[in-house]
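**Student:** Start from the sequences, fold in the hints, and give me the full structure.
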Amino acid sequence: MLTRRIIPCLDVRDGKVVKGVRFRDHVEMGDIVDLAGRYRDEGADELVFYDITASPQGRSVDRDWVARVARVIDIPFCVAGGIRSVEDARAVLHAGADKVSVNSPALERPELVNELADAFGVQCVVVGVDSLRDDDGEWHVRQYTGDPTKTRALARRALSWVSEVQERGAGEIVLNCMGSDGVRAGYDIEQLRAARAICKVPLIASGGAGTPEHFRDVFREADVDGALAASVFHSGSIAIPQLKKYLADEAIAIRP
Amino acid sequence: MPKVVLIDAGGTNIGSVRYALERLGVDAPLSSDAAEIRAASHVILPGVGAAAPGMARLRETGLVDVVCSLTQPVLGVCLGMQLLFEHSEESDTPCLGLIPARLRLFAKDDGLRVPHMGWNALNPLRQHPLLDGIDAGAFAYFVHSYAAPVGDWTLASCDYGGAFSAVVQHRNFHGAQFHPERSAAVGARLLQNFIAL
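Chains as they are written, first to last, in this note's numbering: chain H, 1 to 256; chain D, 1 to 197.
Accuracy of the hints is not assured; some may be wrong.
Which residues of chain D face chain H? A partial, calculated answer using Cβ under 7 Å [stated by the list, open to error]:
#: 1; residue: Tyr19
#: 2; residue: Ala50
#: 3; residue: Arg113
#: 4; residue: Pro115
#: 5; residue: Val143
Distance condition first, Cα-Cα at most 16 Å in a straight line; then the derived EDC-like pairs of lysine to aspartate or glutamate [claimed, not checked]:
#: 6; chain 1: H; residue 1: Lys200; chain 2: D; residue 2: Asp110
#: 7; chain 1: D; residue 1: Lys108; chain 2: D; residue 2: Asp159
#: 8; chain 1: H; residue 1: Lys19; chain 2: H; residue 2: Asp147
#: 9; chain 1: H; residue 1: Lys200; chain 2: H; residue 2: Glu164
#: 10; chain 1: H; residue 1: Lys200; chain 2: D; residue 2: Asp109
#: 11; chain 1: D; residue 1: Lys108; chain 2: H; residue 2: Glu167
Across the chosen pairs, the derived CB separations fall in these ranges [as the list claims (entries may be wrong)]:
#: 12; chain 1: D; residue 1: Arg23; chain 2: H; residue 2: Gly15; range: 21 to 29 Å
#: 13; chain 1: D; residue 1: Asp109; chain 2: H; residue 2: Gly15; range: 40 to 48 Å
#: 14; chain 1: D; residue 1: His128; chain 2: H; residue 2: Asp64; range: 35 to 43 Å
#: 15; chain 1: D; residue 1: Arg102; chain 2: H; residue 2: Ser160; range: 34 to 42 Å
#: 16; chain 1: H; residue 1: Gly15; chain 2: D; residue 2: Met1; range: 35 to 43 Å
No lab work stands behind these hints: they were computed from the structure. Ideal placement from N, C-alpha and C gives every residue a C-beta, glycine not left out.
**Tutor:** The following block contains the structure:
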């Protein structure tokens, strides 16, 4: 049986892992390769690295650490951050990443998703969607969320963007629910369920994990394929082996 | 000491497979040179991407006949395994024809999410040194949209909307649909078993 994935997310700034609250106020958490190795040893199913400064600064992700991670790590990992072209993606994939995730650049130029899928196959192409509920009650997409001074609210509705990127060739979607991110009050089940209903490719929940029950609930109630979290893992408040045991006991399909 | 060579078929996981072999103490050069490939003790055909560009790349580098005529152990990984078969439904692509079956797209209308992505359990169907130390239910990491049916060539199957071939062997040609380079201890064991063949 295909198992649900537990995915620690490492936000990377200037070659270090950082974590902020509600995408702000970043604090250094440690060295990339050290943390990646720790999560691999603890049973993480996959890792995601977001270079959070790359997109707002209009530069591509620095490639050196990708190869360092690929050398050491024997579980899949995805790299995000400022990938604006097939060439950018090729460099990261050839350095050893298994997937690339595009977010702001895909909003600038949606054809990028098609180009990446044509060049590397849909299985390499993840689209990250940053979403926040606005006063009209709808979830709308945010762009350049790595830098709060540059973050833009777009008129584009998150769910219509989820549909569009699938048609363009996204092989996986990570939905970052910004309203719940960093506050550890649980994943945004309502929004994730709405996305699940229209998502035919793997869907990864992001934003809000605080307790093991939150993981159980998002798998059970929103039927997502993976759950991504950062601060609860970095701080040690949830240990991956105990989390996986808890989920297995709760009858969630999980890799021991 | 085995002399392992990786065939450069343009896949993006070549680096990862090379690093995985490095972790096992094997330095495997990347080659598109027919003589170097023929002289290797073990040949690995990695691959990520689509079947048609993968086959095109093998034709451009003149390696189709070379691969088909190899007699030493050969291991195809992911797309590399798929290319060993007769045909892929992906862009209606004729492949190398070394294993007598055809690859089909997972049926999306069954509510299956495609690609099949994540850790899934292996179900060994017959004994083979390639599976030494890999028990029933061992988890491996898969990412693919097309799959080979189960047949005489299947060493281990996996289930996703029905059984498909996860590890195959036919004559000296072997394959893993999953990514051994990204399947932690299970993947390392499969690679180690392969270079011991």
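**Student:** Report the numbers of all earlier hints that the structure fails to satisfy, in ascending order.
**Tutor:** Hints that this structure does not satisfy do not exist here, as all of them hold.
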